[in-house]
Amino acid sequence: MKMTIREAINLTLHQEMERDERVIVLGEDVASDQGGVYGITDGLPAKFGLHRVIDTPITESAIVGAAGGAALTGLRPVAELMFVDFLGVCLDQILNQIAKFRYMFGGQARTPVVIRTMIGAGTGTGPQHSQILYPLLAAIPGIKVVTPANAADAKGLLTTAIRDDDPVIFCEHKALYMDECEVPDGEYVLPFGQASISAEGSDITIVGMSRTAVIAGEAAAKLAQKGISAEVIDLRTLSPLDEASVLESLAKTGRLVVVDESNPYCSMASEIAGLVAERGFDTLDAPVKRVTSPHTPVPATPCLEADYVPSVERVMAAVEETLSY
Amino acid sequence: MDMSPEKLVDAYRLMKTIREFEERMRSEYQQGKLPGFIHIYRNQEAIAVAACLDMTNEDYIASTHRGHGHCIAKGCEIEAMLLELACKEDGLCNGKGGSMHIADMSKGMLGANAIVGGGPPIAAGAALTAKTLGNGAVSMAFIGDGASDQGTVAESLNLAVVLQLPMIFMYENNRYAEFTRSPKPDGRIAERAGAFGMPSEVIDGSDFFAMYDACQQAIARGRDGGGPTAIEAVCNRYYGHFEGDAQAYRDQEELAQERAVSDPIPRFLADPRAAALTAEKIADIDVAIMAEIDRGFEVTYAAADPTPDKLYTDVYIHYEGRLR
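Line by line, the protein sequences give chains A and B. Taking my numbering, the leading residue of the first sequence gets 3, the next gets one more, and so forth. Taking my numbering, the leading residue of the second sequence gets 436, the next gets one more, and so forth.
Incorrect hints may have been included.
Here's a subset of chain A near chain B, in silico, CB distances under 8 angstroms, partners left out [unchecked claim]:
1. Ala68
2. Gly76
3. Asn98
4. Met106
5. Ala111
6. Phe194
7. Ile199
8. Ala246
Okay, the calculated bits of chain A under chain B, using three or more residues with CB under 8 angstroms as the criterion [stated by the list, open to error]:
9. 8–14
10. 142–155
11. 254–263
Simulated from the structure, these hints should not be mistaken for lab results. Ideal placement from N, C-alpha and C gives every residue a C-beta, glycine not left out.
Working from the sequences, and respecting the hints, build out all of it.
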């Protein structure tokens, strides 16, 4: 069935709450009539009741921390951190508590919590509602970071996230919510740590994640019209990271462009470039090219924001530059 | 007050165990035989014991950096604790937690916490589990007077009221936040908690019976769906913030005075309600405590350190990526 990412996430929440009564949803506005900011939790309160779909005050440390504590003691909470930017007010509970329970308790803890959060620029929401921040999260041992780029993956990966016994941060790009694609009916589970090859090609590899996987795909389609065969890899999960798929594709194409909406320093693009420098050096025919956002906050004005986000044009230019090396 | 002879014995045994356990820890630590960083609970024992005496393993506590007393009161085994505090392989947390992160999930002890104010949101989550499952369990966060100023504590107070969680905010006001005298007069912490809309009271933390009474009421309120309670237990921090802190910043006369009046153990024994504890009984209990501690240290010093592969275990339950 064709559906949007927004609908796929909503459907998956319905399915998983139906399947396991330990699954609860909590966050700001999640039980409101319109189902949160983008209607993601629409219909859940009516179906599962307000004891399982819990509206909270605006209190991110308590939301995230309580979700962690509830997970530690037997529930499977799906907490909503409305915008990933709000990590700024609750990072301790993720960084020092949830991520470390299992390790610092010597394997006694099981923390099956999912933190759903909106990421990304492109909708004019400005410096404090538009960041990516997933490299910061992926750098924390003990949590997994998931970045779906289409509705089918959103369903498959959210199902896995909710059933996973480790803490998972599920990053939803707000500019992708209305993107539509075919989504498998019924139960659909996708493993973590497996990138998808969203377009096969032989001249160059383009790696993306979340929205940049979509941008990489659009660039590849346009490059095809110019006779350039680009292979597009959508990482799908950033931790665990499917390094093998990147290295295998590079072995085939010899050239790599990484597209990442992060700020450039310590970005996922840097991580992939480092990986390739260390373990794929012999297969490189040209230097790795990183296409990222600049080392600036996200501007509110649409005209500057358009330049902030990696564009199809920038990806195409990077590909052509790499090919002409 | 309803207190069975068994409970009376437990109360004494636990307070005394905490005292002797920690005094021995201090001495071993001073000799360089134990690693890390420890924070001693002396003179606050009545609080942990009164708080946990009516709890079961299905009830939860979230502890603090000064957590040894909370562990013992919640039923953690002395030997397993010592192995952990010495960071040995067979410790409660395989040596990877140590004093400031010790936990025992089987006892509902959700961890000491090296982040001041880190525990209350977690305890709120455990209370949310109890409420959602409707199993009558309660959850308690121990909070120092220093931590009482953290935003996480205020957020947890508010969430507990809004969601009517079966939770107890157990403030231990030992009047010192690290090296700094608390500027708040006694009682202000409870007042603040009460302002969020929950019953709150100030109790003399070295009066075991008063503490036990207040805790029984708070726990019963939580179990009966009556929501959260805050208790400010006023006490005295006998030693420094951490072991090795000489408390040069304290008025020594005041310290000596506070030490003298705030020891909960003689006060407990002098109370007519503890009359059933005869000198003979006490002596028997003491002998057993010392033997258990001796045995714990013997086992601990003979125990193995974690093997090098343990660096990589228990980061995740299952991880499809690389850890090294």
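Open item on the list: Restraint: Ala246(A) near chain B, CB-CB cut 8 angstroms. Satisfied or not?
Closed with: violated (10 angstroms)
TODO: With a C-beta cutoff of 8 angstroms, work out whether three or more residues of the stretch 254–263 of chain A approach chain B closely enough for the coverage to hold.
DONE: Not satisfied, violated; 0 residues make the cut.
Task: Given hint Phe194(A) near chain B, where the shortest CB pair must fall under 8 angstroms - done: holds (5 angstroms)
Open item on the list: Next item in the hint list is Ala111(A). Is there a CB on chain B closer than 8 angstroms to its CB?
Closed with: holds (6 angstroms)
TODO: Return the status of the interface hint for Asn98(A): holds when the least beta-carbon distance to chain B is below 8 angstroms, violated otherwise.
DONE: The hint holds - Asn98(A) has a Cβ within 8 angstroms of chain B, the shortest such distance being about 5 angstroms.
- [ ] Establish whether the coverage given for the stretch 8–14 of chain A by chain B is satisfied; the threshold is a Cβ-Cβ distance below 8 angstroms, and no fewer than three residues must meet it.
- [x] With 0 residues in contact (Cβ-Cβ under 8 angstroms with chain B), the coverage given for the stretch 8–14 of chain A is violated.
Task: chain B over the stretch 142–155 of chain A, status - at least 3 residues with CB closer than 8 angstroms - done: Our answer is that it holds, as 3 residues pass the Cβ test (under 8 angstroms) against chain B, meeting three.
- [ ] Against chain B, run the beta carbon of Ala68(A) and see if the smallest gap drops under 8 angstroms.
- [x] holds (4 angstroms)
TODO: Closer than 8 angstroms between Cβ atoms is the bar; does Gly76(A) clear it against chain B? Give me holds or violated.
DONE: holds (5 angstroms)
TODO: Using 8 angstroms as the Cβ threshold, decide whether Met106(A) counts as touching chain B.
DONE: For Met106(A), the interface hint holds, since the closest Cβ of chain B sits about 4 angstroms away, which is under 8 angstroms.
Open item on the list: Does the closest beta carbon of chain B sit nearer than 8 angstroms to the beta carbon of Ile199(A)?
Closed with: violated (17 angstroms)
Of the hints listed earlier, those the structure fails to meet are numbers 7, 8, 9 and 11, in rising order.
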